[in-house]
Amino acid sequence: MRVSYEWLKSMVDVPVDPKDLVAEFVRTGTEVEAVEKMGADLHDVVTGQVISKQPHPDSDHMWLCQVSVGKKNVDKEGNPEPLQIVCGAQNFEEGDHIVVAMVGAELPGGFKIKKSKLRGVDSNGMNCSQRELGFGSDHSGIWILPEDTPVGLDFADWYGLSDTVIDCEMTPNRPDCLSMTGVAQETSAILDEDTHIELPRIAHEMEEQTSDLVDVQIDDPALCSRYTARVLRNVKIGPSPEWLARRVTAAGARPINNVVDVTNYVMFLTGQPLHAFDLNKLSERDGKRHIVVRAAATGEHLVTLDGQDRVLDSDMPLITDDGATPICLAGVMGGEDSEIDENTTDVLLESACFDRGHISRTSRRLDLMSEASIRYERQVDAARCAEVSDIAAALFEQCCGAEVCSGIVDAYPVPAVAPVVELRPARVRLLCGAPVDDKFIVARLTRLGCKVDTSDPESFKVTTPTNRPDLTREVDLIEEVCRLWGEGDIEPTLPAARNHAGGLTVDQQRIRRIGATLRSCGLSETSTYCFAETDDLAKLGMSEEGRGIPVRIMNPLVADQAEMRRSIIPGLLRSVAYNLDHGTPNVHLYEIGRVFYGHPKKSSPDEPSMVAGVLCGRWNLDEWDTKYAQLDFFDAKGVIEQLTSALRLTKVRYKVAEPEKYSWLQPGRAAEILAGGELLGWVGNVHPLALRRFGIDEPVVAFELSLAALLRLAKRELPYQDVPTLPGVAVDLALVVDESVTCEQVMQRLHSAGGKLLREVQLFDVYRDDARVGVGKKSMAFSLTYRADDHTLTSDEVEKAHNKLVTKVTKSTGGEVRS
Amino acid sequence: MAMTDELAAIEAQVREGLDKAQTVEELEQVRVAATGKKGSLTAIMRMMGKVAPEERPAMGKLANTVRSHVEAMIAARRDELEQAALDKQISAEAVDVTLPGRSSRIGTQHLISQIREEIEDVFCGLGYTVEDGPYIEDVYHNFTALNAPVDHPSRSANDTFYVVDNAPEGKGDLGLSSSDLLLRTQTSGVQVHVMEQRKPPIYMICPGTVFRPDTADANHLPQFTQVEGLVVDEGITFGDLKGTLDYFCREIFGKDRATRYRPHFFPFTEPSCEVDVSCGVCHGKGCRFCKNTGWLEILGCGMVDPNVLRYVDIDPEKYTGFAFGIGVERVAALRYDLPDLRMLMTGDERFLKQF
Chain A
1 MRVSYEWLKS
11 MVDVPVDPKD
21 LVAEFVRTGT
31 EVEAVEKMGA
41 DLHDVVTGQV
51 ISKQPHPDSD
61 HMWLCQVSVG
71 KKNVDKEGNP
81 EPLQIVCGAQ
91 NFEEGDHIVV
101 AMVGAELPGG
111 FKIKKSKLRG
121 VDSNGMNCSQ
131 RELGFGSDHS
141 GIWILPEDTP
151 VGLDFADWYG
161 LSDTVIDCEM
171 TPNRPDCLSM
181 TGVAQETSAI
191 LDEDTHIELP
201 RIAHEMEEQT
211 SDLVDVQIDD
221 PALCSRYTAR
231 VLRNVKIGPS
241 PEWLARRVTA
251 AGARPINNVV
261 DVTNYVMFLT
271 GQPLHAFDLN
281 KLSERDGKRH
291 IVVRAAATGE
301 HLVTLDGQDR
311 VLDSDMPLIT
321 DDGATPICLA
331 GVMGGEDSEI
341 DENTTDVLLE
351 SACFDRGHIS
361 RTSRRLDLMS
371 EASIRYERQV
381 DAARCAEVSD
391 IAAALFEQCC
401 GAEVCSGIVD
411 AYPVPAVAPV
421 VELRPARVRL
431 LCGAPVDDKF
441 IVARLTRLGC
451 KVDTSDPESF
461 KVTTPTNRPD
471 LTREVDLIEE
481 VCRLWGEGDI
491 EPTLPAARNH
501 AGGLTVDQQR
511 IRRIGATLRS
521 CGLSETSTYC
531 FAETDDLAKL
541 GMSEEGRGIP
551 VRIMNPLVAD
561 QAEMRRSIIP
571 GLLRSVAYNL
581 DHGTPNVHLY
591 EIGRVFYGHP
601 KKSSPDEPSM
611 VAGVLCGRWN
621 LDEWDTKYAQ
631 LDFFDAKGVI
641 EQLTSALRLT
651 KVRYKVAEPE
661 KYSWLQPGRA
671 AEILAGGELL
681 GWVGNVHPLA
691 LRRFGIDEPV
701 VAFELSLAAL
711 LRLAKRELPY
721 QDVPTLPGVA
731 VDLALVVDES
741 VTCEQVMQRL
751 HSAGGKLLRE
761 VQLFDVYRDD
771 ARVGVGKKSM
781 AFSLTYRADD
791 HTLTSDEVEK
801 AHNKLVTKVT
811 KSTGGEVRS
Chain C
820 MAMTDELAAI
830 EAQVREGLDK
840 AQTVEELEQV
850 RVAATGKKGS
860 LTAIMRMMGK
870 VAPEERPAMG
880 KLANTVRSHV
890 EAMIAARRDE
900 LEQAALDKQI
910 SAEAVDVTLP
920 GRSSRIGTQH
930 LISQIREEIE
940 DVFCGLGYTV
950 EDGPYIEDVY
960 HNFTALNAPV
970 DHPSRSANDT
980 FYVVDNAPEG
990 KGDLGLSSSD
1000 LLLRTQTSGV
1010 QVHVMEQRKP
1020 PIYMICPGTV
1030 FRPDTADANH
1040 LPQFTQVEGL
1050 VVDEGITFGD
1060 LKGTLDYFCR
1070 EIFGKDRATR
1080 YRPHFFPFTE
1090 PSCEVDVSCG
1100 VCHGKGCRFC
1110 KNTGWLEILG
1120 CGMVDPNVLR
1130 YVDIDPEKYT
1140 GFAFGIGVER
1150 VAALRYDLPD
1160 LRMLMTGDER
1170 FLKQF
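In order, the protein sequence lines correspond to chains A and C. Reading the first sequence from the start, the letters are residues 1 to 819 in the working numbering. Reading the second sequence from the start, the letters are residues 820 to 1174 in the working numbering.
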């Protein structure tokens, strides 16, 4: 909403300058988008007078003029010097006062005035028409100013363009402020100043009754709560008077002609959109025009004013000529066929109230916004339709020479009732937490147009104005008082809370610990989209089993965000590819986030959270004395081991991931992770074929763990174990076993064979050599620590225990001791 | 040679040997030669029995003096040589201390999750709980129970991602207006879930991911992070809202920052306002960063609308409350003057490692 400071001042006392007014607007909740100094862009456009006018020596329609611009152009001595201008207009004489755009001026639309030669003659400026200056459409000749216009003034100053327009963004709950009268009321309440709004009145009504000429029928009051029609005769279409053109311009519209400008002006003034039909373009039956407001039929067409053929649906309110022919897309835009044109003499003027929801949907569905639809969307004041029709009629009389038919036709099936709201002053003070006095409450609400009955001092009865649909409850009034009191002036306090405690839950703390552990292992946290491409799982080769069906988005922005992810890995692989493509060879990322498993028969999907990570390259670039190896399965496994240890998970096992089930992983380098028999997730090398489909040529190891399982199995503490006070005895054992024997199997055998005395088993080497160890064999070297709690072991005891262990283990593993 | 001369000669010999000895090992040879089992001084001591009894006390005394003198000399020289050896070792071990250190490199936390944790910690300190809820929300919890009018533009497909409802009674894949399921556009729905399950006093925040159909560009992401807060208790005032958010702003942006409350409109709060924090670059004077206003908009808030409380059967006469919503990406962008929000989603190690 563009608010003209000068226009506003004509309606309410504004003892502050535009800058302070803006500050007051902001303080009380009217957002100001821009402050525009009108006329500021019309530099080097001045008032002038034609001194001489000679025919152009080389043209039969152009004139060679000397135009005085006073001191705006001076010679070397500083004396005024007329400008030579070549002009093609025919409507002026010597002595006429005109508007001159001098060299350097830039006219609306970006047209720059330069020194030029027209058919060989120098021209140092331009005599301007109204349209060239952005005032109306009159381009029949140059703009002739009154005879008493002083020469050599800045045109903007002379014309009174030096207004300030405050461009406000009104919140959707304030339809009243989409009008100058509403803004005046608001300003009055903000500044606590008086309004003096004078509205035009009809001077004379003809004997001819509107009701004899027009009939209005509303099919569904849910679409249209009120429709008034009025007929204006003998309208003379022409340019608007200057004051009207100026105000319409300030409000942001382009002056077009007096009829259009009056309807726009009244809308800007009152917030009520109007529509003017050419009465004679409507069909006549029984001597009357019949306006029927109904819902459009699906598939019905209307060519709107902008020339577009619109296809309508049954949600859209439509104005029709006698129920049959659509003539106006109600509240949004008029139809081409009933449009006012230069030959129009009789006007049917609509001032109506359409349902905000229907208009909002219509406007959105047709992608068609207008000044009218913006206002209807936020609700127009049905109670004022007739009054506004009168104001418009008075202006048609004044500005268009119209004769006003008597009365209006007013279809108003359900009259609006101004609500009465109870307001407890004590409640105001409680909610605001500020000592707002009764006097302030009454004074400011009254300024806003409310009637406040204070006969019960505990509970005022407030009748709210009909143009404030947002004021229907006590709290709505409290909000008004609070913002006018000044939210900035309310003293800050902290709640005096009792009986509550806060803080992170154990699980929330554990999630933080998971992140901290992964970071301490060298992984950085990232964030990828929860969206997925539809073929993400297929690209990865990940089976859908156990991952539900995709959660599909009905209105995706782009095709690659058409559904929700069922694994974090594709997103992480895209980040790996991004890094590799951008010259970062070493990538270590993790993300804790949700995946989405839809049900074929349920609304809400499962949204389990996953802890996922990827490793690619090395831990680091080689350093001056440290070289880093290519990251592989065991680096990722090491990360998981740290994680399970940090969460104090017990009985953690790694099982070979079956290639059929884990088809996205490289067979032989992939494991399932279990704790206490429960599946936590997997870790492994991503299958080279999958990597290739994500554009990655380097090996990537990845893991994905269920957060819920981690949290469920995590323990607050593990039992304390005595720190050994007696020394242990370390014995090394190298065992040669078949390749098929796993580390886990050998460890189990060692522990069960070692008995009570075997306390620690550490694998320190795995060695393969066809000649020395044997084909299909491997040597595993362990350091075993024997210890008793109550005495220092003798060498005999150790030897005995160890020999027993060796015998058992070689037997149970089928291996032999390597000497 | 008289024993006296012999003793003098040994002492001289030792002194000479010590002067020559350049290592602890050479010194040891000198010591062994003098005071070792077969040493010259040891030999003289052994011969003391053969000395005439009348000379023996004097000679014994002399011999002992010489021996302790020799031992002292050796010890002194040993200290000297050990010190020299240590000096040499120390000087040999000197390094260029500007060479990089050696350690396993730890990873970094994502900027958004850092700020999110900071915000959580501020409110945990004020006694709030941290709540969570589903990303796939229904229309009731995301809009209706938050007092959003049926025709509110935020419900349209331009502003909300809708999701196919697979339930038999759901309306399937027929059209946008037919689905009651959506990607939550705000975490406010969590407040509704919490109020449905719990009675006041409620002091909670719900940080989390939300979604809106904005094409990703420098200033927008279709997926971003919000922290919403809700307090419902007896006697909560607008002053409490201000006190809480003033505290939050100072904790997150710095003690020297001022706040400004501008009345605004949100369907679920009344009165509502937007909060600005004074620009950290120009401290309110106006600069490019704050577009010459001196202020940076950081959050929306207000007193909980009584309708919202009524939806969850909380008596708005007895209880009042406030709610607020903070955009975490906005806080990050303001703190670091980020040129492009999309960097938050690429996983670029060069970006992540900075925080």
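For the record, the hints were derived by calculation from the structure and aren't laboratory data. Some clues are possibly wrong.
Capping the alpha-carbon separation at 25 Å, the derived lysine-lysine pairs in DSS-like fashion look like this [unchecked claim]:
1) C:Lys1110 to A:Lys37
2) A:Lys637 to C:Lys1172
3) A:Lys637 to A:Lys715
4) A:Lys627 to A:Lys637
5) A:Lys461 to C:Lys1137
6) A:Lys655 to A:Lys637
7) C:Lys1104 to A:Lys37
8) A:Lys811 to A:Lys756
9) C:Lys1172 to A:Lys19
10) C:Lys1172 to A:Lys627
11) A:Lys76 to A:Lys115
12) C:Lys1110 to A:Lys19
So, going through the hints one by one against the coordinates:
| no. | hint | result |
| --- | --- | --- |
| 1 | C:Lys1110 to A:Lys37 | 19 Å, holds |
| 2 | A:Lys637 to C:Lys1172 | 23 Å, holds |
| 3 | A:Lys637 to A:Lys715 | 21 Å, holds |
| 4 | A:Lys627 to A:Lys637 | 21 Å, holds |
| 5 | A:Lys461 to C:Lys1137 | 22 Å, holds |
| 6 | A:Lys655 to A:Lys637 | 12 Å, holds |
| 7 | C:Lys1104 to A:Lys37 | 22 Å, holds |
| 8 | A:Lys811 to A:Lys756 | 20 Å, holds |
| 9 | C:Lys1172 to A:Lys19 | 46 Å, violated |
| 10 | C:Lys1172 to A:Lys627 | 21 Å, holds |
| 11 | A:Lys76 to A:Lys115 | 19 Å, holds |
| 12 | C:Lys1110 to A:Lys19 | 17 Å, holds |
Going down the numbered hints, you'll see the structure goes against just number 9.
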